[in-house]
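Here the protein sequences come in this chain order: A and B. Residue numbers for the first sequence follow this note's numbering, so the first one is 1 and each next one is one higher. Residue numbers for the second sequence follow this note's numbering, so the first one is 1001 and each next one is one higher.
Simulated from the structure, these hints should not be mistaken for laboratory data. The beta-carbon is built from N, C-alpha and C at its ideal position, and this holds for glycine as well. A couple of the hints might just be wrong.
[To be verified] Residues on chain B that point at chain A, a partial pick, calculated with CB under 7 Å:
no.: 1; residue: 1010
no.: 2; residue: 1013
no.: 3; residue: 1014
no.: 4; residue: 1015
no.: 5; residue: 1019
no.: 6; residue: 1022
no.: 7; residue: 1023
no.: 8; residue: 1030
no.: 9; residue: 1033
no.: 10; residue: 1035
no.: 11; residue: 1041
no.: 12; residue: 1043
[Unchecked claim] Each pair of labels, with its calculated beta carbon distance range:
no.: 13; chain 1: B; residue 1: 1005; chain 2: A; residue 2: 153; range: 16 to 22 Å
no.: 14; chain 1: B; residue 1: 1037; chain 2: A; residue 2: 125; range: 17 to 23 Å
no.: 15; chain 1: B; residue 1: 1014; chain 2: A; residue 2: 601; range: 56 to 62 Å
no.: 16; chain 1: B; residue 1: 1011; chain 2: A; residue 2: 73; range: 26 to 32 Å
no.: 17; chain 1: B; residue 1: 1004; chain 2: A; residue 2: 126; range: 29 to 35 Å
no.: 18; chain 1: B; residue 1: 1004; chain 2: A; residue 2: 87; range: 26 to 32 Å
no.: 19; chain 1: B; residue 1: 1014; chain 2: A; residue 2: 23; range: 54 to 60 Å
no.: 20; chain 1: B; residue 1: 1023; chain 2: A; residue 2: 23; range: 28 to 34 Å
no.: 21; chain 1: A; residue 1: 34; chain 2: B; residue 2: 1011; range: 50 to 56 Å
no.: 22; chain 1: A; residue 1: 160; chain 2: B; residue 2: 1014; range: 21 to 27 Å
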Amino acid sequence: MERFYRLRQASPGEARRARTTERAYAEFDDEVFRNLYYRSLADGTQSVEFYLEGVHCAACVWLVEKLPQVRPGVIESRLDMRRAIVEVRWDPRAVKLSQIAAMLDSLGYPPHPAKDVKTRQIRREENHRFLIRVGVAATCAGNVMILSFALYGGAGTEEQYSRLFRGASMLFGMVSLVWPGSLFFRGAWAALRTKTAHLDLPIAIGLAAGGIAGTVNAILGRGEIYFDSLSTLVLLLLVGRWLQRRQQFWANDALELLFSLTPTSARRLENGTVVEVPIEAVQPGDLVEVRAGDSIPADGNVLEGESSIDRALLTGESRPTGVAPGSTVNAGTVNLSARLLVQVDAVGEATRVGRLMRLVEQHSRNRPPIVQFADRVAGRFVRVVLAVASISFFYWLWFNPTQAIDNAVSLLIVTCPCGLGLATPLAVTIALGRAARRHILVKGGEVLEALNRQGVILLDKTGTLTAGRIAVVSWSGDEGVRPLVSALERHSAHTIAQALADGQSQIADSELPVSDVVQTMGGGIAGTVAGQRLLVGSPQFVRQQGCRIPPAIEAAERETIAVTATPVVVAVDGCVVAVAGLGDPLRPDTADSLDCLRKLGWKIRILSGDHPEVVAAIGRQLGIEGADALGGVSPEAKLAAVRAAAIGGPVVMVGDGVNDAAALSAASVGIAVHGGAEASLAAAHVYLDRPGLAPILELMHAARSTMGAIRRCFAVSIGYNLLAGTLAVMGIIRPLTAALLMPLSSFTVFALAYAVRTFGDGKR
Amino acid sequence: MSVIYILLPLASLLAAGGVAAFIWAVRRGQFDDLDTPAVRILHDDEDEDHPGTP
Chain A
1 MERFYRLRQA
11 SPGEARRART
21 TERAYAEFDD
31 EVFRNLYYRS
41 LADGTQSVEF
51 YLEGVHCAAC
61 VWLVEKLPQV
71 RPGVIESRLD
81 MRRAIVEVRW
91 DPRAVKLSQI
101 AAMLDSLGYP
111 PHPAKDVKTR
121 QIRREENHRF
131 LIRVGVAATC
141 AGNVMILSFA
151 LYGGAGTEEQ
161 YSRLFRGASM
171 LFGMVSLVWP
181 GSLFFRGAWA
191 ALRTKTAHLD
201 LPIAIGLAAG
211 GIAGTVNAIL
221 GRGEIYFDSL
231 STLVLLLLVG
241 RWLQRRQQFW
251 ANDALELLFS
261 LTPTSARRLE
271 NGTVVEVPIE
281 AVQPGDLVEV
291 RAGDSIPADG
301 NVLEGESSID
311 RALLTGESRP
321 TGVAPGSTVN
331 AGTVNLSARL
341 LVQVDAVGEA
351 TRVGRLMRLV
361 EQHSRNRPPI
371 VQFADRVAGR
381 FVRVVLAVAS
391 ISFFYWLWFN
401 PTQAIDNAVS
411 LLIVTCPCGL
421 GLATPLAVTI
431 ALGRAARRHI
441 LVKGGEVLEA
451 LNRQGVILLD
461 KTGTLTAGRI
471 AVVSWSGDEG
481 VRPLVSALER
491 HSAHTIAQAL
501 ADGQSQIADS
511 ELPVSDVVQT
521 MGGGIAGTVA
531 GQRLLVGSPQ
541 FVRQQGCRIP
551 PAIEAAERET
561 IAVTATPVVV
571 AVDGCVVAVA
581 GLGDPLRPDT
591 ADSLDCLRKL
601 GWKIRILSGD
611 HPEVVAAIGR
621 QLGIEGADAL
631 GGVSPEAKLA
641 AVRAAAIGGP
651 VVMVGDGVND
661 AAALSAASVG
671 IAVHGGAEAS
681 LAAAHVYLDR
691 PGLAPILELM
701 HAARSTMGAI
711 RRCFAVSIGY
721 NLLAGTLAVM
731 GIIRPLTAAL
741 LMPLSSFTVF
751 ALAYAVRTFG
761 DGKR
Chain B
1001 MSVIYILLPL
1011 ASLLAAGGVA
1021 AFIWAVRRGQ
1031 FDDLDTPAVR
1041 ILHDDEDEDH
1051 PGTP
């Protein structure tokens, strides 16, 4: 282990304490799990992909890849550090997967079966194809460049060699146009067919004009061949697009791997004993045990046990709801306080979550398209260039017919928008890369485009504006009893009790002697703390116990109810001395973040599934009044609200729950916040892997500076094109000048795109 | 100078060979993970002299 720490010190990143869960992973050996995740190899071994928690440095790679040495039977384990995926290959006769998983867990890397292996495979193959195109384009460009050097350097003076070199250039140039370059022709064709503007169109026109003119000239042995410029152009454009694609693939991978963190096992009751099985193995009619703190694996009815469940992710309700035998529970909710026995009546697609996910799928396809700035410019660009080219052609036809075609063609080539084509992918790639480093995962570049405009921003309340858990939000009366209350409440597992206990973390109350604790379900808790008889509970319960409530406390109680917090009163020796308000507190940065968003010109509305009064109260605190703070909104109504708002301009939806998923996917930009449900992650276009709303602001600023950078790149690039175009129309452009001008404009764009301070990097 | 008639096709063939090798490497997944191999080189195999001490 000594080497582990040596490596760990040598690699950057803060040291974190290893986290182990000590689970048994019995479900990994189950038949259903085996069919879902195992891959059998030809030599009788099996392999599986795990997503590991806690991978962060070079030493992790060493430790994880040492697995075959510490666990006989494991043949190979290879870790992809960036994605935190390990591929384990093992001999099923020598070791069970559950043992391997437990070993990884004990090393501090709790494993989760990697979901969506297929999608990642498809993406990887697409990346391979793209990379091959880049490689071919680079080879062609390099070889044409060498031949061009020879031609410009004087090899062209001898007729026979000149023909040979020009022929070879044509060969490489044509390969470049036909293979890697076909991407642009296909893009242009698609744009023509759908009658939309696309940047591929002017690029394809330039490439086609150059290719045809170059071939004709190479065969006839006169005039200019343009293959040096063309193949460089294809290469640069492809590199730009490949970089952007790679960045997006990576963000998508990272996001989908987060899904793997969702629980994969359920505790099923089989003949009276509890067996851990994969969630996929649970069938309607099964009995499952759900312990406190576990999420409920399927829709069903409670058979045994009383508890409270947190439905915030499913419905947006901030207060836990009590369940008893006979109550219905849904998959995706969390059991909070006590063990439940649930009879399953729907699994997978048939659950409420499954039905909502189908809604997401239906609506993610007809999202309002965001027309990219580059494409809008391209539309105008094509018209101007074609118009100027034909004017030039007819002008020269009049005065000097031999020059007419040559000049028109050279105009089309020198104005081919290479810089334009590079600007967007480069700036977007850089922005997305920098965002990912700040724990903001963005699935696509068009998000930046949409965020740069102004429109409506719809916010979910629970878990987005607020912390999404119960806490003490107000306290009136005697502050001195708080440590006593906290000490007493530590003896209860109820959520309200935990909130009251947590409120007092600074004071050492654990040493206070507590005795005679009596809990009343749905009422409160009584006990003797440090010699004083304490009674904590709902006002009704405390009154029933015959406690006197002074008028000042009664007023405070009414006030608490008025701000929609749940009042809990504290009585000491039969007299009420304080009232606490419990609710879902606002996140500390919410108000500031909303102010900044308003200053940026966004209209803010709340769209919540929680009770309307609670939403109205939160809205008042944030200055969002009336119809702008809507409560009691169903997932379907959220979707409708987003679609209605989308008519007026870009809509940003921010949410965390399953109930937000459909709305997130239908919005121009759907942003899922930290801690959100898997469904919201899948539907959203942006995921904030950091709590709070501040990352949204950062992203908006980043969008602004990125779009600024794109505009600057466009200005420079069009400036180059104007200059080259003017020279071409006048017929005085030299081939060498053109060959130099084009890459020069591309490199200026490269430099400009990299120089932008996307997140104000370097300023702070 | 006429040697160029041989050299040029030869050079093109070499380039094609390079492209073929590149395609093979890409398909084998050599460029899929660009971060971990850089780290893997830090792990030398001195441990193999002391079996059983991970």
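Status of each hint after checking the structure:
Hint status for residue 1010(B) relative to chain A: violated, with the closest Cβ pair at about 12 Å, above 7 Å. For residue 1013(B), the interface hint is violated, since its Cβ never comes within 7 Å of a Cβ in chain A; the closest pair sits about 12 Å apart. Among the interface hints, the one on residue 1014(B) is violated; its C-beta lies about 10 Å from the nearest C-beta in chain A, farther than the 7 Å criterion. Checking residue 1015(B) against chain A: minimum C-beta separation of about 5 Å stays under 7 Å; hint holds.
The closest approach between the C-beta of residue 1019(B) and any C-beta of chain A is roughly 5 Å, which is under the 7 Å cut-off, so the hint is satisfied. The closest approach between the C-beta of residue 1022(B) and any C-beta of chain A is roughly 5 Å, which is under the 7 Å cut-off, so the hint is satisfied. Below 7 Å, beta-carbon pairs count as interface contacts, and residue 1023(B) has one with chain A at about 5 Å; its hint therefore holds. Proximity of residue 1030(B) to chain A is violated relative to the hint, the smallest CB-CB distance being about 10 Å (cut-off 7 Å).
Given the 7 Å rule on beta carbons, the hint for residue 1033(B) holds: about 5 Å separates it from the nearest Cβ of chain A. Interface hint status for residue 1035(B): upheld, as the beta-carbon distance to the closest one in chain A is roughly 5 Å, under 7 Å. Hint status for residue 1041(B) relative to chain A: violated, with the closest Cβ pair at about 10 Å, above 7 Å. Residue-level restraint check for residue 1043(B) holds (minimum Cβ-Cβ distance to chain A is 5 Å; threshold 7 Å).
For the pair residue 1005(B) and residue 153(A), the supplied restraint of 16 to 22 Å holds, since their beta-carbon distance comes to about 19 Å. A C-beta distance of roughly 20 Å is found between residue 1037(B) and residue 125(A), which places it inside the suggested range of 17 to 23 Å. Taken as a hint, the range 56 to 62 Å holds for the pair residue 1014(B) and residue 601(A), whose Cβ atoms sit roughly 59 Å apart. About 52 Å separates the C-beta atoms of residue 1011(B) and residue 73(A), a value inconsistent with the hinted range of 26 to 32 Å.
Between residue 1004(B) and residue 126(A) the beta carbons are some 40 Å apart, a value that contradicts the proposed interval 29 to 35 Å. A C-beta distance of roughly 50 Å is found between residue 1004(B) and residue 87(A), which places it outside the suggested range of 26 to 32 Å. As the Cβ distance of residue 1014(B) to residue 23(A) is approximately 56 Å, the hint placing it in 54 to 60 Å holds. Between residue 1023(B) and residue 23(A) the beta carbons are some 44 Å apart, a value that contradicts the proposed interval 28 to 34 Å.
Judged by the Cβ atoms, the range 50 to 56 Å given for residue 34(A) and residue 1011(B) holds: they are separated by roughly 54 Å. Checked against the given bound of 21 to 27 Å, the beta carbons of residue 160(A) and residue 1014(B), roughly 23 Å apart, stay inside it.
Consistency note: the structure conflicts with the earlier hints numbered 1, 2, 3, 8, 11, 16, 17, 18, 20.
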